[in-house]
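Enquirer: Dock chain R against the given chain G, drawing on the hints supplied.
Residue numbers (the working numbering), protein chains in the order written: chain G, 232 to 514; chain R, -3 to 312.
Source of the hints: derived by calculation from the structure; they are not laboratory data.
Every residue, glycine too, gets a C-beta built ideally from N, C-alpha and C.
Check the hints yourself; a few may be wrong.
Claimed, not checked - Mimicking DSS-like on lysine-lysine, the simulated pairs with C-alpha atoms at most 25 Å apart in a straight line are:
(1) K154/R <-> K135/R
(2) K28/R <-> K154/R
(3) K4/R <-> K135/R
(4) K4/R <-> K269/R
(5) K28/R <-> K405/G
(6) K376/G <-> K135/R
(7) K376/G <-> K28/R
(8) K154/R <-> K171/R
(9) K419/G <-> K496/G
(10) K405/G <-> K377/G
(11) K4/R <-> K28/R
(12) K438/G <-> K405/G
(13) K10/R <-> K28/R
(14) K376/G <-> K154/R
(15) K10/R <-> K377/G
Stated by the list, open to error - Below, a sample of chain G positions facing chain R; criterion: calculated Cβ distance under 10 Å:
(16) G362
(17) P364
(18) L514
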Amino acid sequence: MANDAGLTILPGLATPLDERSVALRRLVVRALDGGARGHIGSSMSLIEIMRVLYDDILRYRADAPDWESRDRCILSKGHGCIAQYVMLAEKGFFPHEVLDTFCRRDSILGGHPEAGKIPGIEASTGALGHGLPIGVGRAMGLRIKKSQARVFVITGDGEINEGSVWEAAMSAAKHGLANLTWMIDYNKVQSAGPTQEILPLEPLADKLRAFGFATAEVDGHDIVALGEVLRRLPFDAARPSALICHTVKGKGLAFAENDANWHHKSSINKEMVAQMYGALEPL
Amino acid sequence: MRPTCVNKIFELAKRDPRVAYIGSDLDPPITKRMQVDMPGRAWMEGVSEQHVVGMAAGLAMEGFIPYVHTIATFITRRCYEQVAVDLCLHNLPVRLIGNGGGLVYAPLGPTHLAIEDIAIMRALPNMTVVAVCDADEMKRFMDQTLDWPGPIYIRLAKGYDPIVSRDELGFSIGKAILMREAAGRSKRVLLVTTGVATTRALAAAEELAAEGIDCSLLHMHTIKPLDGEAVVAHARGCDLVVTIEEHTVVGGLGSAVVDTLVDALPSAMPPVKRLGIPDDFAHNYGSQDQLMELYGLQPPGIAQTIRDALRPRRAA
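Chain G with its partners taken away, still in its complex shape (with noise of 0.2 Å):
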């Protein structure tokens, strides 16, 4: 389908995982397994979307994480936060021994990401609907200091069914903000079933529109198709950004994809490890 980035994208949601997918997979369930609890399918399905950023869009420096001129990175939906905890911990904001002590008493790393603790965490997110009113104040306060800083939200897809969000939308639509994208992390699942049967979304891509969004949609596993996509903002020099991530939910753990059943698991045994270390085998 043609979108506002200029390019033609069809999602093939079948997109093989490379060895760095799997790898980072395997240190998600490394912080499930330290903390023996967790958002796993919330998780997986967001991988490729942080590496990407992390790998080879956002600007940032890991030993400066309050650089004025860093991007600001606001994962809304904070449930997912393992993926970006993975994230954060291979670029060096914290060693990797810290995703261990996922949702301990005294760790950094909970169930939920909190500024102020976690290096390079940008906003405590959780409570969903916070991140797209949080991030137009960012944009509209970088745009005022003249920065070049932008602001990337993600949301989830159940998240958005929070009026909140869309409050924030036709506010970043007003203010024209080319320096935020908004994007979706779209599973289609969500934590009591299928988004379609919960609240349906569609058509989405015109609601965004319609919101005042240049909209494009990708494949949110495909490294190559999210880089080129991203590249590519602001997708429109007057209006905010906004990038639809289609997405599987559980991506990678073969018995989990697709199941609201794997959204979170208050506890997650010694067997269930293994089973999901089982289905990441290193390539």
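Expert: Coordinates of chain R only, in the frame set by chain G:
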């Protein structure tokens, strides 16, 4: 009070580039003025309180000091989670200006009354809650909002309230002001008040003084952080402490004062009477003054409550 507050924002904006203003579909003249006085740093957003508070948080994260202005009940109830998570959890210097706190919107009915705003705002960690008593005090207060760390909820009264605050008594956020000191020749009564209830209570104290009931009055413009030291110092040994507020008796100033006294004077609690709005939605319209009269919050009602509260003790 409201024009003074808004004028002060424009004045602060001229001398400090960090100041920003966000309105939420309120007061068209403000929109015109902000485009002139603080261009590029003031916006009239839509009826979208959840977004507006999140947007203010984002601006504060970028170093700005946003003043957000809309009707009190909508800036507290409607976006409570945004206030809790975006502002208080991040401890950001956003100023929430609640227009028409208490019973100001009496004719518009219970959807527009902010009678539990103090209770819900003061329950949040890091939040500061301020209800000044008149426009002069608003001026003194607003100057201090620039560098106060963390969020502030500012409860505005109706406006054009009589001036009772005095410059010589000073003003510091978090510091109570002793606005009336009993001569100490009779029963020791302490009135603890906030917002425009202070004005009514001062008048009640005058009325009672003529009868030989001499009251001290401690004005708590800041309900959180509460100046507990002042409360305890003035309440210790009193025959009666009366808290007076244009707010539900659930969780407001009265509750804060009682909490403080229970902790500080567990075996020497003075008798406390909490005067406020009963735990109910308003069933009447009319005017703010009429509803305050209905709830016993006008000077004659306050004076009568104090007389009644003292009577059984006198009999004993």
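Enquirer: Indicate, hint by hint, whether the structure satisfies it.
Expert: Status of each hint after checking the structure:
Taking the CA atoms of K154/R and K135/R, the gap is near 16 Å; set against the 25 Å cutoff, the hint holds. Our distance criterion of 25 Å between C-alpha atoms is met by K28/R and K154/R, whose separation comes to about 22 Å. In summary, the hint linking K4/R to K135/R is supported, as the alpha carbons are separated by about 7 Å, within the 25 Å threshold. Annotation: proposed proximity of K4/R to K269/R is violated, straight-line Cα distance about 36 Å (limit 25 Å).
A hinted pair counts as satisfied when its Cα atoms are at most 25 Å apart, and K28/R with K405/G qualifies at roughly 18 Å. A hinted pair counts as satisfied when its Cα atoms are at most 25 Å apart, and K376/G with K135/R does not qualify at roughly 29 Å. A C-alpha spacing of about 23 Å is found between K376/G and K28/R, which places the hinted pair at or below 25 Å, so the restraint holds. Straight-line distance between C-alpha atoms of K154/R and K171/R comes to about 24 Å, which keeps the hinted pair within the 25 Å bound.
At most 25 Å may separate the alpha-carbon atoms for a hinted pair to count; K419/G and K496/G meet this at roughly 19 Å. A C-alpha spacing of about 19 Å is found between K405/G and K377/G, which places the hinted pair at or below 25 Å, so the restraint holds. The straight-line distance between the Cα atoms of K4/R and K28/R is roughly 16 Å, inside the 25 Å bound, and the hint therefore holds. Between K438/G and K405/G, the direct Cα distance comes to roughly 16 Å. Compliance with the 25 Å bound is thereby established for this hinted pair.
Between K10/R and K28/R, the direct Cα distance comes to roughly 16 Å. Compliance with the 25 Å bound is thereby established for this hinted pair. Distance hint between K376/G and K154/R is unfulfilled; the C-alpha atoms sit about 36 Å from each other, more than 25 Å. Using a Cα cut-off of 25 Å, the hinted pair K10/R and K377/G holds, with the two alpha carbons roughly 19 Å apart. At a threshold of 10 Å, the smallest CB-CB gap from G362/G to chain R is about 8 Å, leaving the interface hint in force.
The restraint placing P364/G at the interface with chain R holds, with a minimum CB-CB distance near 3 Å, inside the 10 Å limit. The closest approach between the C-beta of L514/G and any C-beta of chain R is roughly 40 Å, which is over the 10 Å cut-off, so the hint fails.
The structure is inconsistent with the numbered hints 4, 6, 14 and 18, although it conforms to all the rest.
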